[in-house]
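Residue numbers (numbering that gives the first Met the number 0), protein chains in the order written: chain A, 0 to 260; chain B, 0 to 260.
You may find that some hints are simply not true.
One copy or two, it doesn't matter: identical chains are merged, so the pair holds either way.
[Unchecked claim] Below are the SDA-like pairs computed for lysine to any residue, each with C-alpha atoms no more than 25 angstroms apart in a straight line:
hint	residue 1	residue 2
1	Lys222	Ser144
2	Lys162	Asn16
3	Lys70	Leu80
4	Lys3	Lys222
Derived from the structure by calculation, the hints contain no laboratory data.
2 protein chains.
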Amino acid sequence: MKEKIKKFDVLKINGKNTDRIQDTIVREFALTLFLNTHEVTTLICTPSNLEYLAAGYLFSEGLIKEKNHIKDIYIDLKEGLARVITWKDDLVKSNIYPKTLITPKADRILSLPNDINIEKKPPIKTNITIEKDEIYSLMDKFDLSPQIFMSTGGTHSAALCDKKDLLLFREDIGRHNAIDKIFGECILRDIQTDDRILITSGRVSSQTLNKVSKTNLPFLISKSAPTDLGIEISKQAGITLIGFVRGRRMNIYTHDWRVIT
Amino acid sequence: MKEKIKKFDVLKINGKNTDRIQDTIVREFALTLFLNTHEVTTLICTPSNLEYLAAGYLFSEGLIKEKNHIKDIYIDLKEGLARVITWKDDLVKSNIYPKTLITPKADRILSLPNDINIEKKPPIKTNITIEKDEIYSLMDKFDLSPQIFMSTGGTHSAALCDKKDLLLFREDIGRHNAIDKIFGECILRDIQTDDRILITSGRVSSQTLNKVSKTNLPFLISKSAPTDLGIEISKQAGITLIGFVRGRRMNIYTHDWRVIT
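Kindly generate the complete structure, drawing on both the sequences and the hints.
Here's what the structure looks like:
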């Protein structure tokens with residue numbers, strides 16, 4: 000296992016005090032991801048749960064659809080490589096240049112905005128609702144969860160929740176990696192996402208929504224701001240998008256009928 | 000000119016109050032960057048100062064070295080394209096797969112970590128120093144500058160400073176884009192960076208340092224956390240790296256002799 004943190008000598012200044020101390024710093028790691036023989040991307044990430052990250056990235060970018068497609072996952076920590084082997088290579092070949100790309104050459108930059116071109120699947124239609132106090136309670140638990148962040152201040156987090164509790168919680172230096180780790184864990188451990196909630200510490204962009212809209216999650220909740228396309232895609236995909244959940248405040252951008260105020 | 004913000008209807012909850020209001024949201028834009036006939040990358044960005052962004056990205060990724068190499072820059076806002084034309088194409092061809100890459104195929108993900116393989120140039124040796132109070136004063140001015148952020152909460156900022164004042168200030172939804180806009184402006188407007196200071200709102204990773212180490216800036220100051228490789232590269236490159244500058248506190252990670260406490 001790679002270490003997720005490392006100690007460094009730091010000169011800390013606090014008002015009139017100057018102290019040389021050992022501080023905990025978050026590590027970064029480059030993971031080059033292969034789908035069978037195709038090199039897909041290189042993720043700059045926190046070196047933990049890399050199987051989940053690899054499977055989750057391929058799922059959220061539309062390159063694999065379900066666990067049954069996966070034959071094996073190899074992680075080479077020394078070389079910084081992940082290889083996901085599928086039962087059929089032709090299953091994924093047609094998806095490796097998905098429709099969202101500007102040119103076929105841009106195979107490494109997936110989920111591009113400017114046009115809203117999420118996969119044409121019907122919008123999420125579940126009638127589930129949530130109380131605003133349930134949202135505050137989930138965010139309070141989310142804020143108490145980060146382990147790497149608390150010691151380094153350098154990571155993002157994501158969590159899968161039901162209305163009462165956090166079910167999965169993952170951290171990464173990349174905000175999309177934290178989400179992909181959640182999605183990968185859901186796939187590989189057969190955890191369903193119907194009527195559940197995703198919380199992210201990070202901003203919500205078209206890239207975030209292109210990932211989340213591969214699932215059937217009706218709620219996306221963020222501590223931070225959305226972009227215009229994040230809102231537009233949420234609206235089309237039938238996702239209730241909530242941002243700036245801080246203290247006893249929140250902004251509901253789309254499908255606010257699912258929140259009981 | 001593309002708008003940088005857009006209005007949306009938002010349900011705002013604040014304690015017991017629930018109001019439907021118009022809120023200002025930051026826009027995102029995909030800019031596909033060509034260097035002559037080579038497609039280099041697609042940047043998800045804020046649509047402002049795109050000439051600076053294009054030139055700055057190519058500079059900070061080592062694909063162009065100086066203004067004199069650039070013959071022309073075309074921006075097509077409708078198609079989301081930037082094309083930088085150089086006088087000689089062979090000038091850049093040898094750099095388009097720089098040494099930092101894991102494989103020649105990974106031409107879209109530049110500045111990869113795992114190894115510290117910045118261009119072998121001598122470390123920055125300037126004897127310039129700065130008072131800690133000058134750092135606080137610069138950060139106070141930096142915090143008062145953001146224009147898009149103040150209305151949307153959705154952008155990162157970067158600034159070029161001397162010891163007394165902010166000289167350039169740019170914002171973008173991407174933290175590296177904000178830095179590249181500064182570097183592009185320096186190149187295109189012949190603004191020198193010797194003995195000057197870069198402030199960023201964002202985290203400092205190997206990618207940040209691989210960009211900054213293309214300049215001769217001796218100071219990199221962040222409101223946020225560094226990664227392990229951000230610190231390692233700063234040390235090797237002779238850069239004074241300062242993080243978590245908040246209120247009257249800061250952490251100095253490398254070459255702290257340049258800060259007079």
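Status of the hints after comparison with the structure:
| no. | hint | verdict |
| --- | --- | --- |
| 1 | Lys222 - Ser144 | both (14 angstroms within a copy, 23 angstroms between copies) |
| 2 | Lys162 - Asn16 | between (45 angstroms within a copy, 22 angstroms between copies) |
| 3 | Lys70 - Leu80 | within (17 angstroms within a copy, 39 angstroms between copies) |
| 4 | Lys3 - Lys222 | both (24 angstroms within a copy, 22 angstroms between copies) |
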